[in-house]
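Based on the provided sequences and hints, a complete structural model is requested.
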Amino acid sequence: MSPFVLHGIVIPAVKAAVFVIAMATMAGVLTWIERRLLGFLQVRKGPNRAGPAGFFQWVADAVKLMMKEDVVPSRAERALHFLAPFLIVVPALTVFAILPWGPEFSFTVPGLGTVTTPLYATDLNVGLLLVLAITTVGIYGVILGGWAANSKYALLGGLRSAAQLISYEVPMGFAVVSVILMGRSLSLVEIIQAQKDAGVWFLFPGLLAFFLYFLSGVAETNRTPFDLPEAESELVAGFHTEYSGFKWTTFFMAEYANMITISAIATTLFFGGWLRPFPNVEWLSFLGIVPAWIWFLLKVSFFIFVYIWFRATFPRFRFDQLMALGWKFLIPVSLANVALVAIAALWGPAGLKVLGVLMTGAFAVGLFLAWRRPARPRATERMGASAEVGA
Amino acid sequence: MVQYLALAFVAAFTAALVLAVLGIFAFLRPKRPNPTKLSPYECGVAAVTDAHDHRFSVRYYLLAVLFVVFDVETVFLFPWAVMYHHLALFGLIEMVIFLVILLVGYVYVWKRGALSWA
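Just so you know, the sequences run in chain order A and B.
My numbering applies: residue 411 is where the first sequence begins, and numbers increase by one.
My numbering applies: residue 883 is where the second sequence begins, and numbers increase by one.
Keep in mind that a hint or two might mislead.
[Unchecked claim] Dumping the calculated EDC-like pairs for lysine to aspartate or glutamate here, alpha-carbon to alpha-carbon at most 20 Å:
| # | chain 1 | residue 1 | chain 2 | residue 2 |
| --- | --- | --- | --- | --- |
| 1 | B | 913 | A | 480 |
| 2 | A | 455 | A | 444 |
| 3 | B | 919 | A | 480 |
| 4 | A | 606 | A | 514 |
| 5 | A | 738 | B | 924 |
| 6 | A | 738 | B | 953 |
| 7 | B | 919 | A | 514 |
| 8 | B | 919 | A | 487 |
| 9 | B | 913 | A | 479 |
| 10 | B | 993 | A | 730 |
Bear in mind the hints are in silico, worked out from the structure with no lab data behind them.
In structure tokens:
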């Protein structure tokens, strides 16, 4: 087998198959993790019957959902109704080809000898741009699914979803731009390498960018407190009201896949990807015993935990509050952040270090002030004051 | 171009997986439609009109137009950010001018109330 066929076609195909199956499984396991964690956070048990600690609950759910009747409403646009789940789940999983799970590793295949290949399917020089572009395609699925069902709840849910997704796309893009200013590349692998060269995670000079990114990311994945598209008290189930069975399942596969994507990109851009903590500090080199891909998974797992923690903690936004947060707060702040990072980047790595110290200091002072300030008892009062606006 | 092949593989496998599950289980899952089950969901009352007959808020259109403006701006920022260390001060001043022009439009839109959802 020629090296071109091996490295150009066979290995990417095998990796693609592994990624798709692994991600479909991970999405299932995540539903179990989420329900167990929510149970823990709300002082109840969560699923605990099927298998040890209820682990096989997700298998039971998957089988049940696949065996369910596939109802297509009689007035629906049948072709679009069929197409929408694909438009959502295919982009959500396609991004996994670019996510850098780990550096190169070698293994021996009988008859081929030793093969060295990185732990990601492909590294592109436009990687970050492509991640944003591909995940955005999912919006078409949301709005088509909502429109095709020909149901009022689904239509309103689809419109709201699309409005929310495009609104938070903008601050997310600006937050990413400030990382590119520091990393000088769009390739995810090169951004990790740049953090190794700089000797510090981009979290510190990009502290503000990180919060902007993760906040927008939570909104992009339709998770609490931004789960308005599925606000069951207002819109039944939003854009997927008229879906059932496995088509319904694909929406949730996509949601969990998107959660993993946002967490993985946050890890790559701000937390050094697969690098161990303090990659250039010599006396911490014993941390290198843990393989790189485990560091990556640990960081991703932490963000997924934060997602679930958010869900157990925060109440849902109102739609006008959501829009105001996106357009009137996140956009100006993220623009200011780009300008700030650009000014610091004029002095190269030294400028970024100064910015990192300033950012971290400002954050610490902010935390201290928030801790010192007495709790405000008039939450209901404040909500009453702005009650004249209705979505 | 060959490095983009992996993306095509993942996309194709995902679509194939969903299609396969939908296809195989079509033989196993029940199919017992009736007019009530197939009617669009509407709180238990039969739907009188199509959902597509109804009009919805014009703000969604306005939002989409504003999004295009800001997203194109983001696209401008991407190549600028990659080459920023070569452009240095020239790049900074140039981009500040660009952003100030956009900011004028942003303030105007805000003052006209296009960003308020009420």
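Within a Cα-Cα threshold of 20 Å, do residue 913 of chain B and residue 480 of chain A meet the stated pairing? holds, 7 Å
Distance restraint between residue 738 of chain A and residue 924 of chain B, which requires alpha-carbon spacing of 20 Å or less: Violated. Residue 738 of chain A to residue 924 of chain B sits at ~35 Å, over the 20 Å cutoff.
Decide if the proposed pair is consistent with the structure: residue 919 of chain B and residue 514 of chain A, CA atoms, cutoff 20 Å inclusive. violated, 53 Å
Straight-line Cα separation of residue 919 of chain B and residue 480 of chain A no greater than 20 Å? holds, 11 Å
Given hint residue 479 of chain A paired with residue 913 of chain B - CA-CA distance at most 20 Å: Within the cut-off at roughly 6 Å; holds.
Pair hint outcome, residue 919 of chain B versus residue 487 of chain A [Cα-Cα no greater than 20 Å]: holds, 16 Å
Regarding the pair residue 738 of chain A and residue 953 of chain B, is the alpha-carbon distance no greater than 20 Å? Given that 20 Å is the threshold and the Cα spacing comes to 16 Å, the pair holds.
Agreement of residue 606 of chain A and residue 514 of chain A with the hint, judged by alpha carbon distance not exceeding 20 Å: holds, 16 Å
Check the hint pairing residue 993 of chain B with residue 730 of chain A against an upper bound of 20 Å on the C-alpha distance. holds, 17 Å
Hint consistency between residue 455 of chain A and residue 444 of chain A [alpha-carbon to alpha-carbon, up to 20 Å]: holds, 12 Å
Violated hints, in rising order: 5 and 7; the structure is consistent with all others.
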